[in-house]
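K.L.:
Sequence:
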Amino acid sequence: MDAFNDRPPIRHDVGDADRRDSADPRRALLDRHRGARILVAEDNEVNQIVVQELLEAAGCTVDMAANGGEAVKLAREGRYDLILMDVHMPVMDGLAATRALRAWPGWATPILAMTADLFDASRQDCREAGMDDFVIKPFRPDDLYAALLKWLPPDAGATPPA
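With our numbering as the guide, the letters of the sequence shown map in order to residues 1435 to 1596.
Hints were generated in silico from the structure; no laboratory data involved. All the pointers check out, no bait thrown in.
Restraint-style ranges between C-beta atoms, simulated for each label pair:
{"no.": "1", "residue 1": "1487", "residue 2": "1570", "range": "16 to 26 Å"}
{"no.": "2", "residue 1": "1512", "residue 2": "1553", "range": "28 to 38 Å"}
{"no.": "3", "residue 1": "1490", "residue 2": "1587", "range": "13 to 23 Å"}
{"no.": "4", "residue 1": "1525", "residue 2": "1570", "range": "19 to 29 Å"}
{"no.": "5", "residue 1": "1524", "residue 2": "1557", "range": "20 to 30 Å"}
{"no.": "6", "residue 1": "1469", "residue 2": "1562", "range": "30 to 40 Å"}
With a Cα cut of at most 27 Å, we get these calculated DSSO-like pairs of lysine-lysine:
{"no.": "7", "residue 1": "1507", "residue 2": "1571"}
{"no.": "8", "residue 1": "1571", "residue 2": "1584"}
{"no.": "9", "residue 1": "1507", "residue 2": "1584"}
Just so it is clear, CB atoms sit at the ideal spot from N, CA and C, and this is done for glycine as well.
Could you build the full structure based on these sequences and the hints that come with them?
P.N.:
What follows is the structure, given as structure tokens:
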């Protein structure tokens, strides 16, 4: 049976937008934060490729650091909307890198831990170091996109990098 709706369209409230975002978080990232600058600190080359491809598919600009020391250097030299930080890396781990960044006066860029460690003590260590949230590896793309939507500043991607 075919049906015809002769009522005018109903305006959607913000809750409807949130439901649409959860249905397609990649599309929401493209719509709201195209061009957002993300720094990824990850030592595993396969993970680097996967994360970079997912972020670029969502319209983000990505810089990659292979360890925490590189991440601190890049973060202090550039303007990033968000940092994805692997917890376990050589040279300087993600916890030490986060502490170094949080010690810098006025520095408040969101830092999300990327970790396969699900233990409460590890999560507490991340929080104490200054990380804002977690993305569990291996992650599903929609989980990564949802975390970015939650933590990217409203103006992320709205202005060109300095």
